[in-house]
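**Q** So the chains spell out like this:
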Amino acid sequence: MNQDLVFFTCVNILLGWSVYVVLLSGSLSFAQGAFMALGCYAAGLFTTKMGLPLIPALALAGLITAGIAAVLGFPALRVKGVYLILVTLGITICVRIALENLELLGGVGGFGGMAGANVYLALGIVAAVGVCLWFLSTSPLQLILDAVREDENVAAAVGINVTYIKVASFSAGALIAGIAGGLYGHYMNFVRPDSFDALISIYAVFFVILGGVNNFLGPVIGAIAMTVLPEYMRVLQEWRPTVFSALILAMLLFRPDGLLPLRLTTVK
Amino acid sequence: MGALLSAHGVTKSFGGIRALDGIDFALGEGEVLGIIGPNGAGKTALINTITGFYRADSGSIRLAGDEISGLPIHAISRRGIARTFQNIRIFKRLTVLENVLVAGKRAALNPIAALFRLRREKPALEAAANLLSAFGLEAKADWRAATLSYGEARRLEIARALYGGPQVLLLDEPAAGMNEAETERLVNDIRKARHRLRAVVLIEHDMSLIRALSTRLIAMDYGRKIAEGEPAAVLAHPQVQRAYLGEAA
Chain A
1 MNQDLVFFTC
11 VNILLGWSVY
21 VVLLSGSLSF
31 AQGAFMALGC
41 YAAGLFTTKM
51 GLPLIPALAL
61 AGLITAGIAA
71 VLGFPALRVK
81 GVYLILVTLG
91 ITICVRIALE
101 NLELLGGVGG
111 FGGMAGANVY
121 LALGIVAAVG
131 VCLWFLSTSP
141 LQLILDAVRE
151 DENVAAAVGI
161 NVTYIKVASF
171 SAGALIAGIA
181 GGLYGHYMNF
191 VRPDSFDALI
201 SIYAVFFVIL
211 GGVNNFLGPV
221 IGAIAMTVLP
231 EYMRVLQEWR
241 PTVFSALILA
251 MLLFRPDGLL
261 PLRLTTVK
Chain B
269 MGALLSAHGV
279 TKSFGGIRAL
289 DGIDFALGEG
299 EVLGIIGPNG
309 AGKTALINTI
319 TGFYRADSGS
329 IRLAGDEISG
339 LPIHAISRRG
349 IARTFQNIRI
359 FKRLTVLENV
369 LVAGKRAALN
379 PIAALFRLRR
389 EKPALEAAAN
399 LLSAFGLEAK
409 ADWRAATLSY
419 GEARRLEIAR
429 ALYGGPQVLL
439 LDEPAAGMNE
449 AETERLVNDI
459 RKARHRLRAV
469 VLIEHDMSLI
479 RALSTRLIAM
489 DYGRKIAEGE
499 PAAVLAHPQV
509 QRAYLGEAA
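As you go down the protein sequences, you meet chains A and B in turn. Just so we're aligned, residue 1 is where the first sequence starts under this note's numbering, counting upward by one. Just so we're aligned, residue 269 is where the second sequence starts under this note's numbering, counting upward by one.
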């Protein structure tokens, strides 16, 4: 397997996890492309304009993205279901348009000069985020998230601050997407606002639906399948959106909990 | 001494329908206050308003003297008011033990601390296990809650409500859908629960349950309180009988 493929698989795993973390509290986000873009441009500014080393730049970019997501999340997460999907897709489109109009960031012409990311850094970040998610899945916080996801009202009735939990998980998802974006930009060296279109947000959701929403390994399976298979099956390269959409429809109909449906219990 | 939980002039309307029409009540220490009334009388609306699910249009609700009307649901729960639901609402994907543990106020109060806390926190686990044992669910602690029978699910809902040490428990038609044997067991379970609480509010249509448990009774109809007092006196009240049986009664 070539290094590019491993790298993009890592970025997609991070994107899948960024959706998964939001979904833990019962919200489906199609804004991950926007957060990836924000992370990419923020990290790029830190490394190219301020001379920060890449890893601190990625961490800072992730935190800034998480902060922006928290501000957006308070009003956005008041709506549910299809309305939340529309709002989060709207965030993706708004961020893209904003980036196209910011000359400081290169506007439609794009932003370049980023460098330093490689496959080993990507694997390291995937491993670090994976360990964090495993830790989360065995902690009492997972119970709280599961309760909020299953029944917000009952969760509130047992004392859980549902708004706080939902905004925190939206922010955490943005943090992961922001880091993935920074990583992507510093591997590609050059990005444009349309590098982060709505399709990225949609694919990120597909990774989770395909792999499974009930444990953190599900999005890994989904991201690997949807990144690696097209490289080895030419028909998938040419008909990628069609085949993936059909696959997702089939999954939703016949295996709605994904390929890896089991939930890990927090108390044994 | 002031009431533990009190309501004064509480109103709540949905469009043109007045679900609560100037409700007053006071719940004292150690009481089991029964609330009866025909369907649509406003009993569940009252519980929903006390627990923050509905925001009262006017009036005041106080817990131990503090105004709680207008607070969010979780804040009211943290003040010490727990509830069950007319249609049992347990977390079906969680295990029985997890259902109880999730109601631990310490974890709910600080989610970030919950992330870093060791998962096997002995006192919390012991308290949850004791509750499950008291309600006959200890053998099913590791089962998915979705696999429980109706009666077991109701017991789990009560056990979950008791975890974290609330002051007041509001039970919304706990005997709904239960057979006679299950209702008898429920009476014992609520008696057990009562010892862990300062007071109980019990909404119920099953009069055997009301007679067995209530220390005082309120009857409602069309969002208004129509009678209040000793259970036997309220049940014999002509207006209450009319509300349940119609004008011919």
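In short, the hints are calculated from the structure, not lab data. Be a bit skeptical, because a hint or two may be false.
[To be verified] Using 25 Å as the maximum straight-line C-alpha spacing, the simulated DMTMM-like pairs for lysine to aspartate or glutamate come out as follows:
id	chain 1	residue 1	chain 2	residue 2
1	B	460	B	420
2	B	360	A	197
3	B	408	A	150
4	B	360	A	194
5	B	460	B	489
6	B	408	A	151
7	B	360	B	299
8	A	80	A	150
9	B	360	A	231
10	B	460	B	474
11	B	360	A	152
12	A	80	A	231
13	A	80	A	151
14	B	460	B	335
[What the hints assert, rightly or not] Output of the computed footprint for chain A on chain B, the stretches with three or more beta carbons under 8 Å from beta carbons of chain A:
id	stretch
15	329–342
16	361–372
17	502–508
Bear in mind that the values here come from a model prediction, so they are computed numbers and not experimental data. For each residue, glycine too, the CB sits at the ideal point set by N, CA and C.
**Q** Evaluate each hint against the coordinates.
**A** Now for the hints, and whether the structure bears them out:
no., hint, in the structure
1, 460(B) / 420(B), "holds (15 Å)"
2, 360(B) / 197(A), "violated (38 Å)"
3, 408(B) / 150(A), "holds (21 Å)"
4, 360(B) / 194(A), "violated (43 Å)"
5, 460(B) / 489(B), "violated (30 Å)"
6, 408(B) / 151(A), "holds (22 Å)"
7, 360(B) / 299(B), "violated (32 Å)"
8, 80(A) / 150(A), "holds (14 Å)"
9, 360(B) / 231(A), "violated (40 Å)"
10, 460(B) / 474(B), "holds (19 Å)"
11, 360(B) / 152(A), "holds (13 Å)"
12, 80(A) / 231(A), "violated (36 Å)"
13, 80(A) / 151(A), "holds (13 Å)"
14, 460(B) / 335(B), "violated (29 Å)"
15, 329–342, "holds (count 3)"
16, 361–372, "holds (count 9)"
17, 502–508, "violated (count 0)"
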